[in-house]
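Peer 1: Sequence:
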Amino acid sequence: MRAPETEGLRARPAVRAQAPVVATVALGGGAGAAARYAASLWWPTPAGGFPWTVLWVNVAGCAVIGAFMVIVTEVRTAHPLVRPFFGTGVLGGFTTFSTYAVDVRNLLDGGRPGAGLLCLGLTPVAALAAVWTAASATRRVLIRRQP
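Going by this note's numbering, the letters in the sequence shown line up with residues 1 to 147, in that order.
These are computed hints drawn from the structure, not numbers from a lab.
C-beta atoms are modelled at their ideal positions from N, C-alpha and C, and glycine is treated no differently.
It is possible that part of the hints are untrue.
[Claimed, not checked] Simulated restraints on C-beta separations:
1) 26 with 78: 14 to 20 Å
2) 128 with 42: 22 to 28 Å
3) 73 with 111: 41 to 47 Å
4) 124 with 42: 20 to 26 Å
5) 128 with 30: 25 to 31 Å
6) 18 with 99: 51 to 57 Å
7) 111 with 14: 48 to 54 Å
8) 12 with 110: 45 to 51 Å
9) 78 with 47: 23 to 29 Å
10) 18 with 38: 28 to 34 Å
11) 23 with 99: 36 to 42 Å
12) 73 with 26: 33 to 39 Å
When you get a sec, could you build the whole thing from the sequences and use the hints?
Peer 2: In structure tokens:
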């Protein structure tokens, strides 16, 4: 058994060893968040309107993560920082649960319960379907091509 005051001393080197991963995730997250913000500028949601841009950003991000995970876990070996950069960083910054939740709340509070409930249900169903479809299609195409 170790004294509690020595636990923190042993943890610091482990945290320092993760610094490249943390920096990689931060860079990817910034890029993903910037891309999501750009999408919201290109396709703005009118006041009180259905948040189609957030829905499609989340669905697209989920489709990409479905394909990406098949590629990096079943098809090819990737550099150890690729998954944290692209999966956690870029796609984590691109997709958004918090904006989805705020959009649902705004629709409900704005007197549009039908649209709010549609958004509440449609987003996770479409996102999960996108992950499954993209992963299945990627697996079918890429694994079939391997010798």
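Peer 1: Looking only at beta-carbon atoms, does the pair residue 18, residue 99 fall within the given range of 51 to 57 Å?
Peer 2: Since residue 18 and residue 99 have Cβ atoms about 28 Å apart, the given range 51 to 57 Å is violated.
Peer 1: Taking the CB of residue 124 and the CB of residue 42, does the distance hold inside 20 to 26 Å?
Peer 2: Hint holds: Cβ distance 24 Å, inside 20 to 26 Å.
Peer 1: Confirm or reject the claim that residue 73 and residue 111 have a C-beta distance inside 41 to 47 Å.
Peer 2: holds, 45 Å
Peer 1: Is 33 to 39 Å respected by the C-beta to C-beta distance linking residue 73 and residue 26?
Peer 2: About 23 Å separates the Cβ atoms of residue 73 and residue 26, which means 33 to 39 Å is violated.
Peer 1: Could one say that the CB atoms of residue 23 and residue 99 fall in the range 36 to 42 Å?
Peer 2: violated, 25 Å
Peer 1: In this structure, is the beta-carbon distance linking residue 111 and residue 14 contained in 48 to 54 Å?
Peer 2: For residue 111 and residue 14 the Cβ distance comes to about 51 Å; the hint holds.
Peer 1: Check the following: the C-beta atoms of residue 12 and residue 110 are separated by a distance inside 45 to 51 Å.
Peer 2: Between residue 12 and residue 110, where Cβ atoms are some 49 Å apart, the hint holds.
Peer 1: Is the distance from the Cβ of residue 78 to the Cβ of residue 47 consistent with 23 to 29 Å?
Peer 2: violated, 43 Å
Peer 1: Are residue 128 and residue 30 spaced within 25 to 31 Å by their CB atoms?
Peer 2: holds, 27 Å
Peer 1: Is 22 to 28 Å respected by the C-beta to C-beta distance linking residue 128 and residue 42?
Peer 2: holds, 26 Å
Peer 1: Note whether the CB distance of residue 26 and residue 78 lies within 14 to 20 Å or breaks it.
Peer 2: Holds, at about 19 Å.
Peer 1: Mind checking the hinted window 28 to 34 Å against the Cβ distance between residue 18 and residue 38?
Peer 2: holds, 30 Å
Hint check: violations occur at hints 6, 9, 11 and 12; the rest are consistent with the structure.
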